[in-house]
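Novice: Protein chains in written order, with my numbering: chain A, 1 to 109; chain B, 1001 to 1166.
Derived by calculation from the structure, the hints in this document are not laboratory data.
Yeah, the Cβ is synthetic: ideal placement off N, Cα and C, and Gly gets one too.
Wrong hints could be hidden among the right ones.
As the list claims (entries may be wrong) - Okay, the calculated bits of chain B under chain A, using three or more residues with CB under 8 Å as the criterion:
1. 1006–1015
2. 1024–1035
3. 1069–1078
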Amino acid sequence: MLTIGLSHYLVLSAIVFAIGLYGALGKRNAVVILMSIELMFNAVNVAVVAVGRYQPAPPGGPFNLGGQVFALFVITVAAAEAAVALAIILAIYRTRKTVSIDDLNLMKW
Amino acid sequence: MAPFFIEPLVFYALAALLILGALAVVLLPRIIHAALSLVLFFVAIAGVFILLHAEFIAAAQVIIYAGAITVLVLFAVMLTQRSQSPESNPFNSQHIVAVFVAVATFAALLPALLAARGASVPGPDVDLIPAIGAAMLGQWILPFEIASVLLLAALIGAIVIAKEES
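Same shape as in the complex, but just chain A (with noise of 0.2 Å):
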């Protein structure tokens, strides 16, 4: 209880990442939605560096800076993913009026 190790920082990622899948699913505004997957792309980060500083180091390098720099990559590619998506939802609901994903259902069977 009192050392921090790596199944720590993994499960307390595993919680943050259901909160955000509920998040994700359940509801209602699209601006939300993309919220709560903001939440599990950070959950997966934590894990991914808590998981690259447990690593032993590589054989060719000191330490192992393969978590840190997928983060970096995670990072990236979630503002890429934020804005674009941000976008969509603005684009919508310029022509929709909504961004309500209930009434959002053109494509739906």
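Knowing the structure of chain A, use the given hints to seat chain B on it.
Specialist: This is chain B only, laid out in the frame that chain A set:
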């Protein structure tokens, strides 16, 4: 050298903040409160990164998430809100199923995560930022360049999609 109880103390405080912030994003009835809880969540994540000795990721987290993405989300909230109804962050018709899916996902992940309890030897507490810089422009130069093209494409795409038709 910090006393032995500092790290667990900071970890559990940050974990409480994180879970509180995440639950507030999902559960608060007003969308603007949810968007502001997102800031708390992002800053707490940056704290976890500092605890993991990933100082550069923590700085990037504060700048990109707590700064830029929060502003983006707040703009989206402002531009899509028609009336200030008391319940602007409602659940949809399938949120009971969503609870089960989320709990089942967590339960499925848990055994694998607890199996990592043996591997609790952290890496060295050294300044990794020069090494990250060298690695990004050395071993990972190709993904780095692809990421820059992706950001350019996302920038142009967001402008084209959000532009008013004239």
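Novice: Does each hint hold? Answer for all of them.
Specialist: For each hint, the structure was consulted:
Here the stretch 1006–1015 of chain B counts 4 residues with a CB under 8 Å from a CB of chain A, which clears the bar of 3, and the coverage holds. With a threshold of 8 Å between beta carbons, the proposed coverage of the stretch 1024–1035 of chain B by chain A holds, since 5 of its residues qualify and at least three are required. Only residues whose C-beta sits within less than 8 Å of a C-beta in chain A count toward coverage, and the stretch 1069–1078 of chain B has 6 of them, enough to reach three; the restraint holds.
Going down the numbered hints, you'll see the structure goes against none, and every one checks out.
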